[in-house]
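Participant: Okay, here's what each chain looks like letter by letter:
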Amino acid sequence: MKPGGSISIWFFIGISLLVNGLLIFGAGIYELLHPPQMPVVLFHLHASLWWGGILAALGAGYSIYFAPGKGRG
Amino acid sequence: MTASLALLNTQRLVHLSQIDLIIIVFYFALVLAIGFYLRKQANTGEDFFMAGREMTAWIAGLSFLSANLGSLELMGWAGASYQYGILAAHWYWIGAIPAMLFLALVMMPFYYICKTHSVPGYLKLRFGEPSRALSSISFAFMTVLMSGINMYSMALVLKIILGWDINFSIMVSSITVAIYVALGGLRSAIFNEVLQFILIWAGALLIPILGLLEAGGWSGLKARIATNASAEYTHLWGTLGKFTDNPMGIHWTGIVFGLGAIISMGYWTTDFLVVQRVLSAKDLRAAKMAPIIGAGFKMLVPFIVILPGLLGLALLPMKLMPEAQAIATGGHSYNEVLPLMLARYCGPGLLGLGITALIAGFMSGMAGNVSAFTTVWTYDIYRAFIKKDGSDHHYVNMGRWSTIAGVAISIGTAYLVMDFKSIMDYVQALFSFFIAPLFGTVLLGMLWKRASSAGGFWGLLAGTGSSVGMWAWVKVDPAALRYVALSPHARDMAENMYRALWSCLICAFVTVAVSLVTKPKSDAELKGLVYGVTDIPSETYVSVLHRPWFWAVVVGAGFVVLNILFW
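Just so you know, the sequences run in chain order A and B. My numbering numbers the first residue of the first sequence as 1 and each following residue consecutively. My numbering numbers the first residue of the second sequence as 1001 and each following residue consecutively.
Chain A with its partners taken away, still in its complex shape (with noise of 0.2 angstroms):
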């Protein structure tokens, strides 16, 4: 949806899930190759890697589809 303006508020959605992913699975590529002194409960699990990686495919099909110019929202 995009009532007023010609950016829909899923694109803004899209690029913010998308870069938070991105970060997020950054970290936890980092936290693999050098694993902390200190781990979090479940490190074992590595939720920054497929948490990250579920937000920044998210962001990535929603800023695909809804990009501007394409007329969807």
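Treat the hints as calculated values from the structure; they're not laboratory data. Among the clues, some could well be false.
[To be verified] Listed next, the in silico SDA-like pairs over lysine to any residue satisfying Cα-Cα at most 25 angstroms (straight line): (1) B/Lys1319 - A/Gly69; (2) B/Lys1388 - B/Gly1128; (3) B/Lys1282 - A/Ile7; (4) A/Lys70 - B/Arg1053; (5) B/Lys1282 - A/Gly69; (6) B/Lys1242 - B/Trp1502; (7) B/Lys1319 - A/Val41; (8) B/Lys1519 - B/Pro1130; (9) B/Lys1040 - A/Ile7.
[Unchecked claim] Rough simulated footprint, nothing fancy, chain B against chain A, three-plus residues with beta-carbon under 8 angstroms: (10) 10-22; (11) 37-46; (12) 50-57.
Cβ atoms here follow ideal geometry from the backbone N, Cα and C, with glycine treated the same way.
Guided by the hints, dock chain B onto chain A, whose structure is given.
Facilitator: Just chain B now, with coordinates in the frame of chain A:
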């Protein structure tokens, strides 16, 4: 106070990495970017105050819910579930879902068809200027006070969790909200609320997922809680037969009639902070669907708020305690359960997103208060009583300036609360004084065409007055609790439930009595405002899957199943 804050500062719960700070800074940049982008679409009064009345049901519905997720909603109710168990979920289910569906199906047509800008605006059309004056002044006053309290609460939370300076937190968050609301008006507030809603879920959903994995699923969680606290903590209705059988000290009648029938109905159907979002919908069907979509998501919020509290009770190695005790002993308070769980599972990046979720929750609530205040101030106070003949452009400018003024007053209130902390309890009580009677007035106004202008005004005044009176009575003589809340064992929450119930009944009784001896309005004057004299458009032209009634039944069925499942 200063000493205790210094103590808290040394005991910050989490330490942020650079990646966490980047995520938080990116969030602030994005909400400001949205505000700047939307500034050109806020030129007329309809644009600035009502978002052009062109929001889809999804946007209006998510914004409707997000405006309520602010304040200490996330952390406060997570703490309440640690303290009281799953009983806290009543505030999300029976304390919200029936009211949201009632708003959608019964009340929304009247709000929408009469094209009012606000709830006080509806009272003006239905009952006349005195009723609007009473409700708009009390609403505007209370809204900025509540906004300030929320602001202070947020700053205190950020100090406890991150060790951030209180002044820094107040200034950064309030100036950000002031900029994006003053620039883009309600549209900007709504867009950001939808973004904030998504971020809240993205940042908070991991805690229950990982928590349940650690606890061994729901059955493992229940077993641990039975060991650490009591099996009563995982029953939603089973322990409500007696005041003394449950940790909240409440009876099922208080939950059903006080919370479900009055307080939640009052809040979700007449508090302009949330109703304003639905009024921005593009048509009546979207306006009816928005609260139903909101209700569907509201049912799921306990999974990111209540469940983390229960997981804390089951898994945290330390015992959490009341705020005062925590400050005195250097321990952790109930309200810290959510950040503690966040710190337990979230490493760099995820922690930043979790903290962003908390900040987003606080800011969406603050923006909700400010945009609602701006509309009521400009339309229901300034235009009604101060300058009646201004141009549309003049009122938009007034809206922008009152946004900034509202934020400035909120900042003042935040500092006032910092010095006189007991104000917080009083203002929250004051806010509740108006909600329950207002529901009685609006409901009778919409459903009973015989209700007269005098009846509406005197009913509202009597309901509010009686609520204040009961509250003062119990303050002066605590033994009065046995009369107000029907039991000397009742606790604060139970007292609130029953006070709301009595004040609404008194409001309804006085409204009916005065209406019967005064002259009602004619049917022509009530067209578009009251059931029986308003033509409500038929929805037979759309398929069943697009009808609000169908989705209300689906959400209602989900509500019933959840209550049975966790009985």
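Participant: Hint by hint, note whether the structure agrees.
Facilitator: Hint-by-hint comparison with the structure:
Between the alpha carbons of B/Lys1319 and A/Gly69 the distance comes to roughly 55 angstroms, so the proposed pair goes past 25 angstroms and is violated. For a cut-off of 25 angstroms, the pair hint linking B/Lys1388 to B/Gly1128 stands: about 16 angstroms separates their Cα positions. Annotation: proposed proximity of B/Lys1282 to A/Ile7 holds, straight-line Cα distance about 18 angstroms (limit 25 angstroms). The suggested pairing of A/Lys70 with B/Arg1053 holds, with an alpha-carbon distance near 23 angstroms, which does not exceed 25 angstroms.
Taking the CA atoms of B/Lys1282 and A/Gly69, the gap is about 22 angstroms. The hint holds against a cut of 25 angstroms. For the hint linking B/Lys1242 to B/Trp1502, the alpha-carbon distance of about 21 angstroms falls within 25 angstroms, and the restraint holds. Distance restraint check for B/Lys1319 and A/Val41: the Cα-Cα separation of roughly 18 angstroms lies within the 25 angstroms cut-off, and the hinted pair is therefore satisfied. Annotation: proposed proximity of B/Lys1519 to B/Pro1130 holds, straight-line Cα distance about 16 angstroms (limit 25 angstroms).
For the hint pairing B/Lys1040 with A/Ile7, the CA-to-CA distance comes to about 13 angstroms; that is within 25 angstroms, so the pair holds. As drawn, the region 10-22 of chain A meets chain B at 7 residues by the rule of a beta-carbon pair under 8 angstroms; at three or more, the given contact holds. Coverage of the region 37-46 of chain A by chain B holds in this model, with 6 residues showing a Cβ closer than 8 angstroms to a Cβ of that chain against a need of three. Look at the region 50-57 of chain A against chain B: 3 of its residues bring a Cβ nearer than 8 angstroms to a Cβ of that chain, three or more, so the hint holds.
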